[in-house]
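Novice: In case you want the letters, here they are:
Protein chains: 2
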Amino acid sequence: MKEFEVINKYFALNNVNRPDVLKGVGDDCALLKVPRGQRLAVSMDTLVAGVHFLEDISPEDLAHRSVAVNLSDLAAACAEPAWLTLSMTLPELDDSWLAGFSKGLKEITEFFGVQVVGGDTCKGPLSITIQAHGFVPESVYVSRNTAKAGELICVTGCLGDAALGLKVAQNKLKVKTDVAEQLLKKYYRPFPAIAAGIALRGRATSSIDISDGLLADVNHISQQSGVGALLRWERIPLSDSAKQVKDQTLVQQAALSGGDDYELCFSVKEDELEATQHALQVVGANCIPIGRFTGKPGVRLLHEKEEIPIKDMGYLHF
Amino acid sequence: MKEFEVINKYFALNNVNRPDVLKGVGDDCALLKVPRGQRLAVSMDTLVAGVHFLEDISPEDLAHRSVAVNLSDLAAACAEPAWLTLSMTLPELDDSWLAGFSKGLKEITEFFGVQVVGGDTCKGPLSITIQAHGFVPESVYVSRNTAKAGELICVTGCLGDAALGLKVAQNKLKVKTDVAEQLLKKYYRPFPAIAAGIALRGRATSSIDISDGLLADVNHISQQSGVGALLRWERIPLSDSAKQVKDQTLVQQAALSGGDDYELCFSVKEDELEATQHALQVVGANCIPIGRFTGKPGVRLLHEKEEIPIKDMGYLHF
Numbered sequence: 102m103k104e105f106e107v108i109n110k111y112f113a114l115n116n117v118n119r120p121d122v123l124k125g126v127g128d129d130c131a132l133l134k135v136p137r138g139q140r141l142a143v144s145m146d147t148l149v150a151g152v153h154f155l156e157d158i159s160p161e162d163l164a165h166r167s168v169a170v171n172l173s174d175l176a177a178a179c180a181e182p183a184w185l186t187l188s189m190t191l192p193e194l195d196d197s198w199l200a201g202f203s204k205g206l207k208e209i210t211e212f213f214g215v216q217v218v219g220g221d222t223c224k225g226p227l228s229i230t231i232q233a234h235g236f237v238p239e240s241v242y243v244s245r246n247t248a249k250a251g252e253l254i255c256v257t258g259c260l261g262d263a264a265l266g267l268k269v270a271q272n273k274l275k276v277k278t279d280v281a282e283q284l285l286k287k288y289y290r291p292f293p294a295i296a297a298g299i300a301l302r303g304r305a306t307s308s309i310d311i312s313d314g315l316l317a318d319v320n321h322i323s324q325q326s327g328v329g330a331l332l333r334w335e336r337i338p339l340s341d342s343a344k345q346v347k348d349q350t351l352v353q354q355a356a357l358s359g360g361d362d363y364e365l366c367f368s369v370k371e372d373e374l375e376a377t378q379h380a381l382q383v384v385g386a387n388c389i390p391i392g393r394f395t396g397k398p399g400v401r402l403l404h405e406k407e408e409i410p411i412k413d414m415g416y417l418h419f
Numbered sequence: 102m103k104e105f106e107v108i109n110k111y112f113a114l115n116n117v118n119r120p121d122v123l124k125g126v127g128d129d130c131a132l133l134k135v136p137r138g139q140r141l142a143v144s145m146d147t148l149v150a151g152v153h154f155l156e157d158i159s160p161e162d163l164a165h166r167s168v169a170v171n172l173s174d175l176a177a178a179c180a181e182p183a184w185l186t187l188s189m190t191l192p193e194l195d196d197s198w199l200a201g202f203s204k205g206l207k208e209i210t211e212f213f214g215v216q217v218v219g220g221d222t223c224k225g226p227l228s229i230t231i232q233a234h235g236f237v238p239e240s241v242y243v244s245r246n247t248a249k250a251g252e253l254i255c256v257t258g259c260l261g262d263a264a265l266g267l268k269v270a271q272n273k274l275k276v277k278t279d280v281a282e283q284l285l286k287k288y289y290r291p292f293p294a295i296a297a298g299i300a301l302r303g304r305a306t307s308s309i310d311i312s313d314g315l316l317a318d319v320n321h322i323s324q325q326s327g328v329g330a331l332l333r334w335e336r337i338p339l340s341d342s343a344k345q346v347k348d349q350t351l352v353q354q355a356a357l358s359g360g361d362d363y364e365l366c367f368s369v370k371e372d373e374l375e376a377t378q379h380a381l382q383v384v385g386a387n388c389i390p391i392g393r394f395t396g397k398p399g400v401r402l403l404h405e406k407e408e409i410p411i412k413d414m415g416y417l418h419f
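Read top to bottom, the protein sequences are chains A and B.
Every number in the numbering used here is 101 more than the matching position in the first sequence, counting from 1.
Every number in the numbering used here is 101 more than the matching position in the second sequence, counting from 1.
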């Protein structure tokens with residue numbers, strides 16, 4: 102099967118047809134219309150087999166995950182998603198695998214109303230590169246370098262489940278079936294916080310999506326904004342599933358340093374907390390304060406009143 | 102070295118700083134401004150080691166080639182290039198290799214005034230994915246499906262040199278040193294026809310860049326436009342270097358089916374040929390008519406008055 106036949110068969114999806122796509126899949130370039138008054142937000146991520154996903158992942162889950170991690174970057178920029186480009190490097194053209202990938206792709210693009218407008222298919226070791234494109238009103242600017250000392254640090258949801266789910270998938274963690282299902286779902290089907298990002302326009306003073314782990318991502322904001330951060334362990338939200346895991350040290354590590362949750366971490370001014378909580382509640386998201394940006398450099402973590410040493414952002418001593 | 106250190110050291114280039122880049126490398130998303138009255142043209146291509154380039158290519162040449170093939174897609178859409186995103190999958194972080202790649206990237210981005218605004222670096226088998234972004238005035242629409250019977254088929258320059266250069270690089274073709282140099286340059290340093298693309302706005306009625314080979318690419322336009330094509334072998338431009346190759350059957354195959362030349366193939370109305378030739382001449386490009394789109398389906402090739410059978414678009418019997 103030649104490249105353009107693959108494209109036609111599996112990726113010239115017709116489930117989403119946006120009026121701002123003047124030319125989509127099948128030409129040298131896609132031709133696209135950014136609405137007046139909007140900026141274009143773009144983010145590109147590559148997922149490599151064995152590095153970013155387990156080799157035995159289902160093609161449906163891989164499609165979902167590849168798109169979700171890119172949309173999550175748009176969410177962090179308070180952007181509304183519009184278009185995707187997709188480049189797939191595949192070791193072989195396996196019909197049932199491609200049909201599964203196409204199905205997963207169709208579902209998530211339909212859910213978020215994003216159109217696949219171009220891409221590439223190549224032979225080679227399995228990897229997926231996606232670029233997500235979205236719109237941000239020109240009045241909105243939120244970044245990693247815009248936090249100020251005194252602002253509250255908040256997250257949109259529970260942390261650690263995805264990293265625990267990975268342990269379950271790898272047979273490194275045994276839990277009850279229903280708990281396993283919940284954790285695996287968070288790992289395999291991360292849900293980008295698009296609605297929360299849009300609701301945070303004009304409210305969040307800085308923002309990032311939690312892909313590297315809470316401490317690492319808070320550290321990114323701290324360093325780029327030139328502020329410090331003080332986090333409180335007991336405020337960090339854990340799911341009921343995570344609470345049922347016996348090894349609570351593992352849960353702490355997952356919540357603080359495990360990536361892949363794709364919740365947003367953002368800052369708000371203290372007197373805007375309640376309004377922001379309301380704004381997120383109406384779109385089905387949470388706004389949970391877990392600490393504060395400070396004038397003292399570095400990321401620190403308190404457990405009750407005691408400071409917990411952070412060895413590095415990816416490894417912790419309790 | 103961690104991902105963000107790589108990005109900072111090698112890819113947060115500061116050679117091009119465009120005013121339409123509100124946020125570039127180093128955040129979740131780049132934030133970009135498309136000028137009023139312009140459409141966004143995007144194209145994504147992945148280059149895999151051993152498939153799209155020889156394993157022993159220099160990092161400078163690889164950077165040039167990866168950018169050039171993407172800019173070439175913009176040229177085919179008559180777009181003016183603006184921004185690039187770049188995802189690199191690397192087996193290891195080799196300082197001198199990265200410095201070479203960064204140098205090659207810097208040169209070509211500076212030449213075309215394009216800014217690298219984002220991307221990704223991963224560990225894995227060597228491959229490069231680039232997305233090029235450019236602008237097209239909203240009054241301009243040129244595509245693969247817009248050719249009409251009766252229009253002339255033209256190319257912007259000599260064909261076959263890149264495919265012959267590949268043979269030289271692979272030690273499958275022996276030629277004199279100066280000829281070898283010319284052919285290798287065309288293979289390793291393809292030059293995207295950006296200036297020609299811009300000069301063709303409002304003139305070309307269809308357009309494609311010759312990446313798969315002339316016959317295959319003319320066939321793409323023919324099929325998508327619902328027309329046939331009649332090409333004349335003796336009109337197809339060959340370089341002085343190609344003319345010095347002894348095996349002229351090889352030269353014919355290279356010119357007709359060898360990809361990688363990255364000249365544009367486009368159609369114009371017959372009475373606009375002279376004006377188009379002038380428009381291309383002033384930007385240093387050529388406009389060479391090599392045949393005509395017709396009402397009779399299929400791509401045909403005449404040599405003097407005899408029809409040459411085309412076995413398939415990639416293999417020819419003379």
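Be aware that a few hints might be false.
For chains that are exact copies, the list does not tell them apart, and a pair is met inside one copy or across any two.
What the hints assert, rightly or not - Straight-line C-alpha distance at most 27 angstroms; calculated DSS-like pairs for lysine-lysine: (1) K207 to K273; (2) K397 to K273; (3) K286 to K204; (4) K224 to K370; (5) K275 to K110; (6) K110 to K204; (7) K412 to K110; (8) K204 to K406; (9) K370 to K275; (10) K273 to K224; (11) K370 to K273; (12) K134 to K412; (13) K224 to K406; (14) K134 to K347; (15) K268 to K224.
Think of the hints as simulated: they come from the structure by calculation, not from any bench.
This structure is a prediction, so every number in the text was calculated from the model and none was measured.
Novice: Have a look at K110 and K204 and pick one of within, between, both or neither, based on CA distance no larger than 27 angstroms.
Specialist: Intra 12 angstroms, inter 39 angstroms, cutoff 27 angstroms: intra-copy only.
Novice: Since the copies are identical, ignore which copy is meant and state whether K268 and K224 lie within 27 angstroms (CA to CA) inside a copy, between copies, both or neither.
Specialist: Answer is between: at 21 angstroms across copies they meet the 27 angstroms cutoff, but 31 angstroms inside does not.
Novice: What label fits K224 with K370 when the C-alpha limit is 27 angstroms: within, between, both, or neither?
Specialist: neither (50 angstroms within a copy, 39 angstroms between copies)
Novice: Using 27 angstroms as the alpha carbon limit, work out where K397 and K273 are close: within a copy, between copies, both or neither.
Specialist: neither (38 angstroms within a copy, 65 angstroms between copies)
Novice: Regarding K370 and K273, is the shortest C-alpha distance of 27 angstroms or less found within a copy, between copies, in both, or in neither?
Specialist: For K370 and K273, the Cα distance exceeds 27 angstroms both inside one copy (41 angstroms) and across copies (68 angstroms).
Novice: How do K286 and K204 come out at 27 angstroms by Cα distance, when the copy is not named: within, between, both, or neither?
Specialist: Within one copy, since 18 angstroms is at most 27 angstroms while 43 angstroms is not.
Novice: How would you label the pair K207, K273 (within, between, both, or neither) given a Cα cut-off of 27 angstroms?
Specialist: neither (32 angstroms within a copy, 45 angstroms between copies)
Novice: At most 27 angstroms between CA atoms: does that hold for K134 and K412 within a copy, between copies, both, or neither?
Specialist: For K134 and K412, neither the intra-copy (48 angstroms) nor the inter-copy (41 angstroms) Cα distance is at most 27 angstroms.
Novice: Given identical chains, is K412 near K110, meaning Cα to Cα at most 27 angstroms, within a copy, between copies, both, or neither?
Specialist: For K412 and K110, the Cα distance is within 27 angstroms only across copies (25 angstroms; inside one copy 50 angstroms).
Novice: Taking 27 angstroms as the upper bound on the Cα-Cα distance, should K273 and K224 be classified as within, between, both, or neither?
Specialist: Intra 33 angstroms, inter 24 angstroms, cutoff 27 angstroms: inter-copy only.
Novice: Cα distance capped at 27 angstroms. Does K204 pair with K406 within a copy, between copies, both, or neither?
Specialist: Classified as neither; 50 angstroms inside a copy, 51 angstroms across copies.
Novice: Please sort K224 with K406 into within, between, both or neither, judging by C-alpha distance up to 27 angstroms.
Specialist: neither (56 angstroms within a copy, 40 angstroms between copies)
Hints 1, 2, 4, 5, 8, 9, 11, 12, 13, 14 from the list above are not met by this structure, while the remaining hints are.
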